[in-house]
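Asker: Next come the chains, spelled out residue by residue.
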Amino acid sequence: MSYTENDLAKDLENSEYKFGFTTDIESDRAPLGLNEDIIRFISAKKEEPEWLLDYRLKCFKIWSEMTEPSWAHISYPKPNFQGISYYAAPKQTKKYESWDDVDPEMKETMAKLGISLEEQQRLTGVAVDFVMDSVSVATSFKAKLQELGIIFCSFSDAVQEHPELVKQYMGSVVPATDNFYAALNSAVFTDGSFCYIPKGVRCPMELSTYFRINEANTGQFERTLVIADEGSYVSYLEGCTAPQRDENQLHAAVVELIALKDAEIKYSTVQNWYPGDKNGLGGIFNFVTKRGICETNAKISWTQVETGSAVTWKYPSCILKGDNSVGEFYSVAVTNNYQQADTGTKMIHLGKNTKSTIISKGISAGKSHNSYRGLVQIHKNAHNARNFSQCDSLLMTDECGAHTFPYIECKNPSAKIEHEATTSKIGEDQIFYCLQRGISEEKAISLIVNGYCKEVLNQLPMEFAVEAQKLLTISLEGSVG
Amino acid sequence: MLKITNLHASIDGKEILKGLNLEVKAGEIHAIMGPNGAGKSTLASVLAGREEYEITEGSVDFDGTDLLEMATEDRAREGLFLAFQYPVEIPGVSNVNFLRTALNEIREYRGESSISAKDFMALVKEKSAIVELDAKLASRSVNEGFSGGEKKRNEIFQMAMLDPKLAILDETDSGLDIDALRIVANGVNTLKSDKNATIVITHYQRLLDYIVPDFVHVLYDGRIVKSGPKELALELEEKGYDWIKAEFAH
Ligand SMILES: Nc1ncnc2c1ncn2[C@@H]1O[C@H](COP(=O)(O)OP(=O)(O)OP(=O)(O)O)[C@@H](O)[C@H]1O
Ligand SMILES: [Mg+2]
Numbered sequence: 001m002s003y004t005e006n007d008l009a010k011d012l013e014n015s016e017y018k019f020g021f022t023t024d025i026e027s028d029r030a031p032l033g034l035n036e037d038i039i040r041f042i043s044a045k046k047e048e049p050e051w052l053l054d055y056r057l058k059c060f061k062i063w064s065e066m067t068e069p070s071w072a073h074i075s076y077p078k079p080n081f082q083g084i085s086y087y088a089a090p091k092q093t094k095k096y097e098s099w100d101d102v103d104p105e106m107k108e109t110m111a112k113l114g115i116s117l118e119e120q121q122r123l124t125g126v127a128v129d130f131v132m133d134s135v136s137v138a139t140s141f142k143a144k145l146q147e148l149g150i151i152f153c154s155f156s157d158a159v160q161e162h163p164e165l166v167k168q169y170m171g172s173v174v175p176a177t178d179n180f181y182a183a184l185n186s187a188v189f190t191d192g193s194f195c196y197i198p199k200g201v202r203c204p205m206e207l208s209t210y211f212r213i214n215e216a217n218t219g220q221f222e223r224t225l226v227i228a229d230e231g232s233y234v235s236y237l238e239g240c241t242a243p244q245r246d247e248n249q250l251h252a253a254v255v256e257l258i259a260l261k262d263a264e265i266k267y268s269t270v271q272n273w274y275p276g277d278k279n280g281l282g283g284i285f286n287f288v289t290k291r292g293i294c295e296t297n298a299k300i301s302w303t304q305v306e307t308g309s310a311v312t313w314k315y316p317s318c319i320l321k322g323d324n325s326v327g328e329f330y331s332v333a334v335t336n337n338y339q340q341a342d343t344g345t346k347m348i349h350l351g352k353n354t355k356s357t358i359i360s361k362g363i364s365a366g367k368s369h370n371s372y373r374g375l376v377q378i379h380k381n382a383h384n385a386r387n388f389s390q391c392d393s394l395l396m397t398d399e400c401g402a403h404t405f406p407y408i409e410c411k412n413p414s415a416k417i418e419h420e421a422t423t424s425k426i427g428e429d430q431i432f433y434c435l436q437r438g439i440s441e442e443k444a445i446s447l448i449v450n451g452y453c454k455e456v457l458n459q460l461p462m463e464f465a466v467e468a469q470k471l472l473t474i475s476l477e478g479s480v481g
Numbered sequence: 001m002l003k004i005t006n007l008h009a010s011i012d013g014k015e016i017l018k019g020l021n022l023e024v025k026a027g028e029i030h031a032i033m034g035p036n037g038a039g040k041s042t043l044a045s046v047l048a049g050r051e052e053y054e055i056t057e058g059s060v061d062f063d064g065t066d067l068l069e070m071a072t073e074d075r076a077r078e079g080l081f082l083a084f085q086y087p088v089e090i091p092g093v094s095n096v097n098f099l100r101t102a103l104n105e106i107r108e109y110r111g112e113s114s115i116s117a118k119d120f121m122a123l124v125k126e127k128s129a130i131v132e133l134d135a136k137l138a139s140r141s142v143n144e145g146f147s148g149g150e151k152k153r154n155e156i157f158q159m160a161m162l163d164p165k166l167a168i169l170d171e172t173d174s175g176l177d178i179d180a181l182r183i184v185a186n187g188v189n190t191l192k193s194d195k196n197a198t199i200v201i202t203h204y205q206r207l208l209d210y211i212v213p214d215f216v217h218v219l220y221d222g223r224i225v226k227s228g229p230k231e232l233a234l235e236l237e238e239k240g241y242d243w244i245k246a247e248f249a250h
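Each protein sequence line maps, in turn, to chains B and G.
Numbering (this note's numbering) for the first sequence: 1 to 481.
Numbering (this note's numbering) for the second sequence: 1 to 250.
Here chain B stands alone, though its shape is the one from the complex (with noise of 0.2 Å):
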């Protein structure tokens, strides 16, 4: 009994998104809008080298000629994208050096999220950055990986001390043209997280990451890069907040993970970004694309518990280019209200022996619609390729969908492909021998909801599947119907 639902659902009384907060920092943004020069003042901003101001024109040149897609299953109003600002840091003059530099203020925002560094330095070994707005803020643990030749920092950081490492993997699993968000991703992003493993080193601790989006109309546009070169393994979580607002936020991010021989990484993600309201006002429009490149032996593994944003538009996926190349995806993703997700993967099989697991477990409550889209795909060498797909769905009302879209490519007669999909209702049954046991109906249904994303959550490492949990819980309360 490693921890029990109950434990965790004590201090969840209130049922409003509690990490509904704003921050008031003083704050230095770029004006509305997108053009070249707001590219270049950004860049400028980040006192960035000139192959990367010359990487965003080229990125941005790329996006104005695109279009937004249209074929996932959501529907929204479409952002207005000149009446956001694409840049925005908490107004801070010199750097931090160390832990007790930073802003009080922004360890009050962090302590409120449940996250205070000082906390998690001292009881769990986690190193973690803080991205508030484009900004990273803190980041502890350097001295600790730097032993150890790991590189854990900002994005911006690591343009700057690291540029031959991001030179040559920037963009090499997602590259600008992938599509509509990436490319305009690619055009702005402010800041978010490097990683580098180096040959043969398994990262002591988890890394870990928090995005929040606290101005008003700014968009967050953060880049992820990890590489784990030979030999290595890195476990990587990240977790996501914004404040409520009314109107709705945009978050565009790019993900790229680049397994070399042998090597391992696991990227777990608990995003709760704000949901909306009741009706369906306000809310962050979630485009992320994220994909994980596995050379020969690796592994990838994706984990993701969704439980926020008004419109959720994700796959991350596996390219599975080396040998017996392994690639994972757990996902759980729960709607409530008018919320929407469009979430899926993509398992693009290359070398001999690949393999592929899928599990993924939709929550739709409310008058929401949650989808799972996805792909698996084996080419022509791809010989003896094996997939496993399961995909469950959970309604917990009769006015939400559940809706499956599985696409299946195969070039190589020897693969392997199993799908499984089911659909069913919270039963009453079981909801009726939980009360009879004593338990509350809210209770009960965190606890199904729980059993019945079991296997997602087991993913996750102890910390994370905590609160991973009690955001089901919150994100469920009242909604059976």
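FYI, nobody ran anything at the bench for these hints, they're computed from the structure.
Don't take each hint at face value.
As the list claims (entries may be wrong) - So the derived list for chain B, only partly shown, Cβ under 7 Å to chain G, looks like this:
1) Gln146
2) Glu147
3) Gln436
4) Ser440
Said to hold, decoys possible - 25 Å max Cα-Cα, derived SDA-like pairs, lysine to any residue:
5) B/Lys425 with G/Glu89
6) B/Lys454 with G/Val96
7) G/Lys195 with G/Gly64
8) B/Lys425 with G/Lys118
9) B/Lys454 with G/Leu137
10) B/Lys425 with G/Met121
11) B/Lys167 with B/Trp51
12) G/Lys165 with B/Gln430
13) B/Lys425 with G/Lys165
14) B/Lys425 with G/Ser94
15) G/Lys226 with G/Val96
16) B/Lys425 with G/Gly92
17) G/Lys118 with B/Met462
18) B/Lys454 with G/Met121
19) B/Lys425 with G/Lys25
20) G/Lys226 with G/Thr190
21) B/Lys425 with G/Ser141
22) G/Lys14 with B/Met462
23) G/Lys118 with B/Glu428
Positions of the beta carbon are idealized from the N, C-alpha and C atoms, including for glycine.
Model the placement of chain G with the ligands on the given structure of chain B, informed by the hints.
Answerer: Frame of chain B; chain G with the ligands shown alone:
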């Protein structure tokens, strides 16, 4: 402890319980028998608080409070336990986690602090021994993949864990092999005291050789139509229900 007076209940507009009377005192064991579809499980569900049923008339007093006014979970917390005829599966939720949640909710209701992990595990060990439940079953998901007999045994294990005032066992004996029947009956007898009471719903007099009832009732067409000492069960076994049906048909 329990006093049911003129209870009428219907589902989807169909009346199932038609003026049922029953009184159970602390320390007693009552057996309810009756043909299929008579309303035995309905009675159990209504007492436990299943919402689909509409109570149109009558009252139920449980230790001085109006049972029908209480929420389902509060009835359980006040000590009413139902061993289901068809226990449901809850995938991904371990039996121990489920029971710990239940136990702590009940304790909280009574103003007690939650049970420590150590005490809880000790309790699991003690109570699973009573019904000889395999330790592996305790850590598996609630009823998932359990055999029919294992599910029934698990119900009694849960009963032992929650220590109810009034337990209603709905055909807990059906599907049990002879050894399991003895074990389950033995469990029920071990848990019996002068402070609690048990209602056993069964079709077979055989169970009553092990769990000896103080009273046997015949439930027919939504009413208790006959009550008597344990010998009534033998008579029913011998003669079937036709003579009762003939007497009460309308
Ligand atoms: N939703 C419903 N609509 C109409 N009738 C129902 C409904 N649910 C149950 N019934 C009926 O109520 C009657 C009583 O059922 P109940 O399950 O209480 O019988 P029982 O005495 O427990 O029988 P058994 O010995 O077979 O377990 C049955 O005739 C059943 O068909
Ligand atoms: Mg029955």
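Asker: Hints first: check each against the structure and report whether it holds.
Answerer: We went through each hint and held it up to the structure:
Here the hint on B/Gln146 is broken, as its CB sits about 39 Å from the closest CB of chain G, past 7 Å. Among the interface hints, the one on B/Glu147 is violated; its C-beta lies about 37 Å from the nearest C-beta in chain G, farther than the 7 Å criterion. The beta carbon of B/Gln436 is positioned within 7 Å of a beta carbon in chain G (closest approach about 5 Å), and the interface hint is therefore held. For B/Ser440, the shortest C-beta to C-beta distance to chain G is roughly 5 Å, which falls under 7 Å, so the interface hint holds.
The straight-line distance between the Cα atoms of B/Lys425 and G/Glu89 is roughly 14 Å, inside the 25 Å bound, and the hint therefore holds. Distance restraint check for B/Lys454 and G/Val96: the Cα-Cα separation of roughly 15 Å lies within the 25 Å cut-off, and the hinted pair is therefore satisfied. A distance of roughly 15 Å separates the Cα atoms of G/Lys195 and G/Gly64; the hinted pair therefore holds under the 25 Å criterion. Using a Cα cut-off of 25 Å, the hinted pair B/Lys425 and G/Lys118 is violated, with the two alpha carbons roughly 36 Å apart.
Between the alpha carbons of B/Lys454 and G/Leu137 the distance comes to roughly 18 Å, so the proposed pair stays at or under 25 Å and holds. Restraint check: the Cα-Cα separation between B/Lys425 and G/Met121 comes to about 33 Å, which exceeds 25 Å; the hinted pair is violated. As the CA atoms of B/Lys167 and B/Trp51 are separated by approximately 9 Å, the hinted pair is consistent with the 25 Å bound. Under the criterion of a C-alpha separation no larger than 25 Å, the hint pairing G/Lys165 with B/Gln430 is consistent with the structure, at around 23 Å.
For the proposed pair B/Lys425 and G/Lys165, the alpha carbon gap of about 34 Å is over 25 Å, so the pair is violated. At most 25 Å may separate the alpha-carbon atoms for a hinted pair to count; B/Lys425 and G/Ser94 meet this at roughly 21 Å. With a CA separation close to 41 Å, the supplied pair G/Lys226 and G/Val96 exceeds the 25 Å bound. Distance check on the hinted pair: B/Lys425 and G/Gly92 sit about 16 Å apart at the alpha-carbon level, within 25 Å; holds.
For the suggested pair G/Lys118 and B/Met462, the alpha carbons sit about 21 Å apart, so the restraint of at most 25 Å is met. In summary, the hint linking B/Lys454 to G/Met121 is supported, as the alpha carbons are separated by about 22 Å, within the 25 Å threshold. A C-alpha spacing of about 40 Å is found between B/Lys425 and G/Lys25, which places the hinted pair above 25 Å, so the restraint is violated. For the suggested pair G/Lys226 and G/Thr190, the alpha carbons sit about 29 Å apart, so the restraint of at most 25 Å is broken.
Restraint check for B/Lys425 and G/Ser141: satisfied, since their Cα atoms lie roughly 19 Å apart, inside the 25 Å limit. Distance hint between G/Lys14 and B/Met462 is unfulfilled; the C-alpha atoms sit about 51 Å from each other, more than 25 Å. For the proposed pair G/Lys118 and B/Glu428, the alpha carbon gap of about 33 Å is over 25 Å, so the pair is violated.
Checked against the numbered hints given earlier, this structure breaks hints 1, 2, 8, 10, 13, 15, 19, 20, 22, 23; the rest are met.
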